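J.: Chains as they are written, first to last, in our numbering: chain A, 1 to 575; chain B, 1 to 386; chain C, 1 to 144; chain D, 1 to 601.
Treat the hints loosely; a few may be bogus.
Below, a list of computed lysine to aspartate or glutamate pairs in the EDC-like style, where the Cα atoms sit at most 16 Å apart [unchecked claim]:
{"#": "1", "chain 1": "B", "residue 1": "LYS8", "chain 2": "A", "residue 2": "GLU368"}
{"#": "2", "chain 1": "A", "residue 1": "LYS23", "chain 2": "D", "residue 2": "GLU259"}
{"#": "3", "chain 1": "A", "residue 1": "LYS440", "chain 2": "D", "residue 2": "GLU451"}
{"#": "4", "chain 1": "A", "residue 1": "LYS378", "chain 2": "D", "residue 2": "GLU454"}
{"#": "5", "chain 1": "A", "residue 1": "LYS440", "chain 2": "A", "residue 2": "ASP425"}
{"#": "6", "chain 1": "B", "residue 1": "LYS23", "chain 2": "A", "residue 2": "GLU56"}
{"#": "7", "chain 1": "D", "residue 1": "LYS368", "chain 2": "D", "residue 2": "ASP522"}
{"#": "8", "chain 1": "D", "residue 1": "LYS516", "chain 2": "D", "residue 2": "GLU451"}
{"#": "9", "chain 1": "D", "residue 1": "LYS429", "chain 2": "D", "residue 2": "GLU459"}
{"#": "10", "chain 1": "A", "residue 1": "LYS140", "chain 2": "A", "residue 2": "GLU459"}
{"#": "11", "chain 1": "A", "residue 1": "LYS440", "chain 2": "C", "residue 2": "ASP70"}
{"#": "12", "chain 1": "B", "residue 1": "LYS23", "chain 2": "D", "residue 2": "GLU199"}
{"#": "13", "chain 1": "A", "residue 1": "LYS86", "chain 2": "D", "residue 2": "GLU87"}
{"#": "14", "chain 1": "D", "residue 1": "LYS457", "chain 2": "A", "residue 2": "GLU377"}
{"#": "15", "chain 1": "D", "residue 1": "LYS470", "chain 2": "B", "residue 2": "GLU73"}
{"#": "16", "chain 1": "A", "residue 1": "LYS63", "chain 2": "A", "residue 2": "ASP92"}
{"#": "17", "chain 1": "D", "residue 1": "LYS42", "chain 2": "A", "residue 2": "GLU368"}
{"#": "18", "chain 1": "B", "residue 1": "LYS57", "chain 2": "A", "residue 2": "GLU406"}
{"#": "19", "chain 1": "D", "residue 1": "LYS53", "chain 2": "D", "residue 2": "ASP14"}
{"#": "20", "chain 1": "D", "residue 1": "LYS233", "chain 2": "A", "residue 2": "GLU56"}
{"#": "21", "chain 1": "A", "residue 1": "LYS86", "chain 2": "D", "residue 2": "ASP196"}
{"#": "22", "chain 1": "B", "residue 1": "LYS58", "chain 2": "A", "residue 2": "GLU406"}
{"#": "23", "chain 1": "B", "residue 1": "LYS198", "chain 2": "B", "residue 2": "GLU359"}
{"#": "24", "chain 1": "B", "residue 1": "LYS8", "chain 2": "A", "residue 2": "ASP392"}
{"#": "25", "chain 1": "B", "residue 1": "LYS186", "chain 2": "B", "residue 2": "GLU73"}
{"#": "26", "chain 1": "D", "residue 1": "LYS429", "chain 2": "A", "residue 2": "GLU112"}
{"#": "27", "chain 1": "C", "residue 1": "LYS6", "chain 2": "A", "residue 2": "GLU571"}
{"#": "28", "chain 1": "A", "residue 1": "LYS378", "chain 2": "D", "residue 2": "GLU311"}
Only some residues are given here: those of chain C computed to face chain D with a beta carbon under 10 Å [as the list claims (entries may be wrong)]:
{"#": "29", "residue": "LEU22"}
{"#": "30", "residue": "THR25"}
{"#": "31", "residue": "ARG27"}
Note that these hints are calculated values from the structure, not bench results.
This structure is a prediction, so every number in the text was calculated from the model and none was measured.
Where is the CB? At the ideal position from N, CA and C, for every residue including glycine.
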Amino acid sequence: MDETKQEHRIGVYVCQCGTNIAKMVDCDGVAGEIADMPGVAISRSYKYMCSNPGQEMIIADIKEHDLDRVVVAACSPHMHELTFRKAVSQADLNPYYLEIANIREQCAWVHEDRGQATAKAKDLTVAAVDRVVYQEALEKMSVDMCPNCLVIGGGIAGMTAALDLADAGGRVYLVERTDHLGGQIAHIALTAPYLDSAREIVEERVTRVMRHPKIDIFFESQLTALDGYVGNFQAAIARKGDGAAQTVDVGSVVVATGYKTFDAARIPHYGYGKLPNVITSLELERMLRAGRVETKEGKPPQYVTLIHCVGSRNLEYHSYCSRVCCMAALKYAHEIKSSVPGAYINDVYIDIHAFGKGHEDLYRRTSEANTLFLMYEKNDLPVIRKADPGDDCDMLIEVNESLSGESIEIPADLVVLMVGMEARDDCRELARLVNISVDKDGWFIESHPKLDPVATTTEGIYIAGACQAPKDIPDSVAQARAAAARIMGRIAHGTIEIDAMYSEIDPDKCSGCRICNALCPYVAIEFDPATHKSHVISALCKACGACVAACPSSAIKARGFTDEQIFAQIEGVLG
Amino acid sequence: MAIRVNPKLIEELEAYGAQDVSKCYHCGNCSAACPFSKEPYIIPRRAMRSLQMGLEKKLESDLQPWLCYYCGECSAQCPRGAEPGETMMSLRRWLTARYDFTGISRAFYRNWKIELIAIIVVAIITGIGFALWGLNTGDINVYSGANAFLPASQVHVFDWILAGFLLTMLLINCGRMWWFTVGRDKDLRLGAGDYLRKAWLMPYHFITQRRLSQCDEKRPWMLHIVLMLSYLTMLILIMFFLGEMAAGPEIDWRVHAFGLAATVGLLLTTFLALRGRIKKVDALHRHSHETDWMFLILLAVVASTGILQFTLHRTGNDAAANVAYIVHMMAVVPMLGLEVPFSKWSHMAYRPLAMYFAELRAEALPARVPKAELPAAAEPARSPIA
Amino acid sequence: MTFEPKIVGFLCNWCSYTGADLAGTSRIHYAPNLRIIRVMCSARIDPTFVIKALAEGADGVLIAGCHPGDCHYSEGNYKTMRRYPLLKKLLRDYGIEEERVRLEWVSASEGHLFADLVNEMTEQVRALGPSPVKSGLALDMAER
Amino acid sequence: MRIGVYFCEMGELDCVNLREVMSYAANLPNVATVRDFGAMPKLSPAGLAAEIKSQDLQRIVVAGDSPGFYKQAFTHAMAIAGRDTDEVRLASFREHCPSGGMGTVRAKSIVACAVMGVPFRLVALPDTTPVNPNTLIIGGGIAGIQAALEIADGGQKVCLVERSGTIGGHMAMFDKTFPTLDCAACILTPKMVAVDQHENITLMTCSEVEEVGGEPGAYKVKVRQNARRVSIKDCVACDICAQVCPSRVISDFDNGIAERKAAYIAFPQAVPNAYVIDAANCTYVQSGGAKCGVCAKKCPKECINLDQQDELVELTVGNIVLTTGYDLYDAAKIERYGYGTYPNVLTSLEFERLTNASGPTSGKIVTKSLQRSKRTKQDEWVFDAESGTPPSSVAIIHCVGSRDANHNEYCSRVCCMYSLKFAHLVREKLPDAECHEFYIDMRAFGKGYEEFAERIKAEGTNVVRGRTAKVVEENGRMVIKGEDIISERMIDIPVDMVILAVGLVPAKGADELARKLGIDTDRYGWFSELDYNSDPTDTERGGIFVAGVGQGPKDIPDTVAQASAVAAGVLKSIAVGRGVSDVADLSLEDIEARAAHLVRI
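Next up, chain A with everything else stripped away, as it sits in the complex:
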């Protein structure tokens, strides 16, 4: 195998990543040893390969030492494979003549013995050198970008994205599972922290969406299938009830399906469903809208208690914070007080999350309005019980109050449970349908938590609003716009490049057994009766390689992941 290497000129770059890698791996040492490998023309170690000078170094070397292969031993390829491919191609070398050795996430950061870590880092780098030799020059394909867009969900996020995209000139298909637009906000009277009219927001958005000539709305409908690939999706939309689905061509998809509220009945402490005067925030909204905040007995409550974090920030239910409930609770404190001036309002909380613009002011105002804030420890939930007949209240809430260190009981005639946000039941189903992933809580996973909160691991599929994680209105709107922006950018180009990694069938080897046809989840393999052979529709292929492993006559090649490459890598890692 060394012979094959001999004729190559490989450049190897070991990144120190500040001290991230250098702390556990002797980078210079590794670079030094690799330098002696056959075919390696140059081998260096540098503080930050990803930095501008780092990339410049690679480009310069490629030109100077006319390298034909490049290996970068650095962080995970998920981090910077693209960065370095770009650098390589800037030096007029095919970007796929590049191999990344992951010596940070899977070496420096997970080991404690510098010796062993260094040895492993070397093995990984050597393997990368072995593998890169078998890399081939691949070309990206470019396909047309359909300017139409599918938006799933008619809440504030969905409507905002739809409006922006339609205003920009593309046709938008808006799929809404209910018979009206507005989503969760349609059930809310006022918004926190300024107590502005939620209804006006909805009215404004809905009117504009309904009247927009470029938006087609599918009420009481759902996405039943999504075929194709970025720029060229075929989405099947079916109305509830009738099976006949309508298919539309879209270039991108915005998933804005939002959330569902936590089912308070799951928490035995609160007796929701058993005690008539324990209600959820949603039920309170209904009361407020009807203008009557009163107990089941029809009396105005003297004592009202708001309980925070119902289903949120709790080991048994959801560990995460639902982000909007705190402000909503403070808002309710004011609304109830203004509806029932005589009422005493108690607010049972863990921490007040008043983090946004105007939030702290609302918190201060709520305190000033004599709202009594009572703090409980996470996971030490309050317990609600019926009061004794003699009492001047309907229920008593037992709390271990942290700020006083007392175990207290709070009189209550009405208890409002601030139910948290939960991923929708069908999130996994939908995720599979549009081929994106969900986290342990059922929220859709963004392609990067910090730098790319709207894109997903699947090209052309974007997420916006509370389906990605709990969010308030402004943040949902911002994210929806962000998704729209990304799509507009794509549309402006007219075409898009799709990854060069896909499978190929060698017609000479193919026996036409058709095993692969059935295997492909994307029906990307077609059988040609004429030639009696199968071939891959590369644009549809997502390069999973299932067919490659299955082919009895090993006629299928996974570009970028060929058998030779992986064999070479195996030999490499085993030194």
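Fit chains B, C and D to the given chain A structure using the hints.
T.: Okay, now just chains B, C and D, sitting in the frame of chain A:
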């Protein structure tokens, strides 16, 4: 047994001057800013909390408000403008009302007009009483000696009656204070020995105002102690040397000296206090309850009329001196009869008592096991008071 | 001196490899005996990869993919699941302890689980001792 | 239909003449009664119900700066009176009333819309105007970078103006980012490089906006390009100029905990990757060319021109994006924490640099040591990896200058999380060190934040609920004074290092910039968005957008989302060739007419 919270108490306290308690979000800044905040007496936040939650019983048996001398540091640093200092002041008013069995104090604090009326009524009765009595027993033109308009000997008797009344009231209320804060607490194991061993704390704190001297700001302490001592001196003089005071030029020079010193002390301090409350610069003077004003004004009148009659008498205007004397009495009687047992002045007795009780409690309390042990947390101070 | 086994891991790009990265970003330490090879999907893992690894001197092989139902390619891992028993049979025929080759599901959010898995498997293989394959089988492979 | 208009104020509005608005409302069609309840009114639903009945009202309009606070009283009243409770509408002035003269007119139009029962935001959609396809972005932090890339990737020309010598902003100073703890440089530098290489982006560093004229769609902007005195094109960042430069300066990039030369580069990955001559501290420039000038002589590429002059560049742009970010609140204003008095009391950014691999101690956490400074020629407390000793106990204090009526009342949103991150870094680098964290509310609200907070507690950091009141010195050691509220104890913990989680304030000059652009700021100086909920990144002025912390404290994901959101507005306008004009262009008559039209259909 869980304690019931009572959101109504905070409203009741507004009448006593606690306007901003609900603003507190319990960051704990005030307790740490307070020079007196030592376990087991973490002040002022914990009292603020009890008040917010309306834990009446707990507050009633709480000595913490008395341990605060209102240096104002907590209010100055409070991030929410919740005025912890003023809240403690209001709690002291509320406690005074609680201790007072007659309910008069409560009436005074909840509605200052009642106190004002009471003062005026008492003053008028005193005035008329003394005038009539003087006119048919003595001569308006004679200040002292034989045939004096208001002969010292008789006034003296009156003084003693008044003192007796005043003392009984105070004793009963102090008794109640003891019961609320120490007596009824089952967890406390206190023998007569403990009471005796610590008894010195009362006079000690009464005379020295030691604790106030520990505030970062020393000026209030100096004023307070001057006021206190002048007042005490006056009291003693009146109680035991009234004769000499009323006597003419042949007055004993010591009485003379003390008398004048005390008067100057009183006038000076009341003047400064009044000025402070008008200017409202430093935190402790920013808020004034009506009862504060009445008390200060009474004190000013007493002192000024006192010195006035003295001067008039010395300058030979006996008639004028006698009139001044009556006015003087019109201020003195309501002050001693109303202010001392039922209003602000009573803290003169409650504070030293509180120091004493607090120390007793701290001694007798079973060692508290903290919920969570801190790595480097300080040990609870042995003596939180002295 | 204790025997330090060499383990080759074939990890799917979307779940297990990302999970391994998460273990890294969370700085969860584990045994350095595993050498990871990235494939797009566990379904790409050709049985010959495993044989090759053993032939090249690996004492153990780890195959890891998304949990059933979570596959990025919707059903790749089911294919892997079906192939695995056949692979086991093959190994038995070669006379290789089955425990040397393991199929596990590791999701993108299971950094801890991945670290534990590596530690546990390392100990397991260490207990088994050096692989018998190194001797004979390598030749057969060479002919392939 | 009979309508009643009721005014209830919070008393926080000075830009509206309420009397005038009321008399206007009284003359609107169908308005039966107008009443002013004054500031902070105590309303009785029963009383209102009686009035509704007596006046026979079918619709209520509650008007004021924040009328929502009083709405329910009226809704309840309508219910009692047996009317349609949905017929209570709000006329909120706080939301859409600009400061200055416009306030009263705007208030009138808002009332008009409410009376007619149509959403103001729908009626007040500004007209469109032709738009110039070029975009100006002011501020080269992560927000500016993200917005620039989004727009440039959309195929449009962008000019990114940055005040300092490099883009990257505060994020470039960070070591790790919460909650994933991936290194900031690793995720930021590629984007910076991308900006540098993008054919659609013109990068103007060392530049500031001097003057803004023109109108929406075609703004005329004067940008002052301060002389960098080093040719970006030719500089290879060989560092020789810095080595030979005699003038030592406190490094602003390292937030004052390290020194640099007057010829310097902020950090190795700076973009553009070229050195800068700090004119204010350059001997040559200050001496008017009389002294020094050695760097220019020694530069192997001869790319230093110490006599270079500032330039004024004229730009015409259709859209402007404000991403000016933030500064830290001045911790010295809070004397009781001893910042500036005790050497080892640090601000959050100082600690970021200290713990940063590319910082002065290359990431070693040590306390300051006394050394003779080459700069001032006297002993100074400095960070030095060799002579400095690692702290055995560290305190992290939350809410420094935030949530405090004496400083800033708002919450700075990021401090809780970065403080937890600090705790993790301290415990990771110094496993034997104690770490104490003092907070009021633990605001871990984002995706994965709560889990992160739990993890930090599990790692053995002592997380205490209770704000630290003061840092004092007791026999040579700093001592933290506070109350541990949960365990009912007074805190009295000796520490070697105190890290202040200092809150955020608008970036220096942001207010002036806002004035130049004719947009509002809130009372703390953060840029005012057009609508808090539905248009968080637009402003009153057409084609001017805000994103990131400049609009209000925000963490990186939210900042990035906003930055991308802005791109939507920009790209949209360019795609159809028309952008929106100023909301203020709409006259009261226009609004009335449009509202009436909307009611008809």
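J.: Check each numbered hint from earlier against the structure, then list the numbers of those it violates in ascending order.
T.: 2, 6, 7, 8, 12, 13, 19, 25 and 28
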